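*Asks:* Quick note on my numbering: the sequence shown kicks off at 1158 and runs consecutively.
Simulated from the structure, these hints should not be mistaken for laboratory data. As the structure is a computational prediction, the values presented were derived from the model and not from experiment. Don't take each hint at face value.
[As the list claims (entries may be wrong)] Derived Cβ-Cβ restraints for the label pairs, each shown as a range: (1) D1199 / V1274: 31 to 41 angstroms; (2) H1204 / D1171: 18 to 28 angstroms; (3) D1277 / Q1207: 33 to 43 angstroms; (4) Y1227 / G1182: 22 to 32 angstroms; (5) H1204 / N1160: 33 to 43 angstroms; (6) S1265 / I1168: 14 to 24 angstroms; (7) R1254 / K1172: 16 to 26 angstroms.
[To be verified] Here are the simulated lysine-lysine pairs, DSSO-like style, with alpha carbons at most 27 angstroms apart: (8) K1211 / K1161; (9) K1172 / K1276; (10) K1202 / K1172; (11) K1197 / K1172; (12) K1161 / K1172; (13) K1172 / K1272; (14) K1278 / K1172; (15) K1272 / K1161.
Where is the CB? At the ideal position from N, CA and C, for every residue including glycine.
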Amino acid sequence: MHNKALHVTIICRDKIINHVLVDDGSGINIYPLSTLRQLKFDLGKLHQNQVSVKVFDGMQRNTVGAVNLYIQMGPAEFNVEFQVLDINTSYDLLLGRPFIHMVGAVPSTFHQLMKFVWKDKELVIYGEGSHSNRYALIVDDVSRGCDFYTMELVNATGDDLAPRPSMPSVYKMIATVML
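Starting from the given sequences, assemble the full structure and let the hints guide the process.
*Replies:* In structure tokens:
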């Protein structure tokens, strides 16, 4: 049974940040204070706010503040507002519904990827573990509504690619009987 969360890799402030949780169940984007400190961010530049957040354990927590930062996913760059929380997390950053809706992304935990349109091209960001640190750029113009796409894999190596699915034995048996 599939129950794996979608984690991607981004670049923020010229640093690679792994284990970024994409969570369509979260109403905010979260930057844990510990991750922000690792980036050597001047905490005096946080925008003070009085936001109270119900975190994953059901407890109410006040944010430390808010920050707008540029993040890069593949070739795409976005200015994202994050709420900064002083909490222990299993992720380094959380991209919630505000980010997903701003970008127009379609995240899939089942396929371990996220798709969105960037500069009239379809961009696919793969989750960690499947094609970690990789993305695919669909090179045909999405705005024209073309039915056929070509795909360019970027940073992919042949030995990492997912195995091809095999035909279930039931289908083989049916085909044998019918032919």
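*Asks:* Compare the structure with each hint and give your call.
*Replies:* Now the hints, each set against the structure:
no.: 1; hint: D1199 / V1274: 31 to 41 angstroms; result: holds (34 angstroms)
no.: 2; hint: H1204 / D1171: 18 to 28 angstroms; result: holds (22 angstroms)
no.: 3; hint: D1277 / Q1207: 33 to 43 angstroms; result: holds (40 angstroms)
no.: 4; hint: Y1227 / G1182: 22 to 32 angstroms; result: holds (25 angstroms)
no.: 5; hint: H1204 / N1160: 33 to 43 angstroms; result: holds (36 angstroms)
no.: 6; hint: S1265 / I1168: 14 to 24 angstroms; result: holds (22 angstroms)
no.: 7; hint: R1254 / K1172: 16 to 26 angstroms; result: holds (25 angstroms)
no.: 8; hint: K1211 / K1161; result: holds (23 angstroms)
no.: 9; hint: K1172 / K1276; result: holds (24 angstroms)
no.: 10; hint: K1202 / K1172; result: holds (19 angstroms)
no.: 11; hint: K1197 / K1172; result: holds (11 angstroms)
no.: 12; hint: K1161 / K1172; result: holds (25 angstroms)
no.: 13; hint: K1172 / K1272; result: holds (23 angstroms)
no.: 14; hint: K1278 / K1172; result: holds (26 angstroms)
no.: 15; hint: K1272 / K1161; result: holds (18 angstroms)
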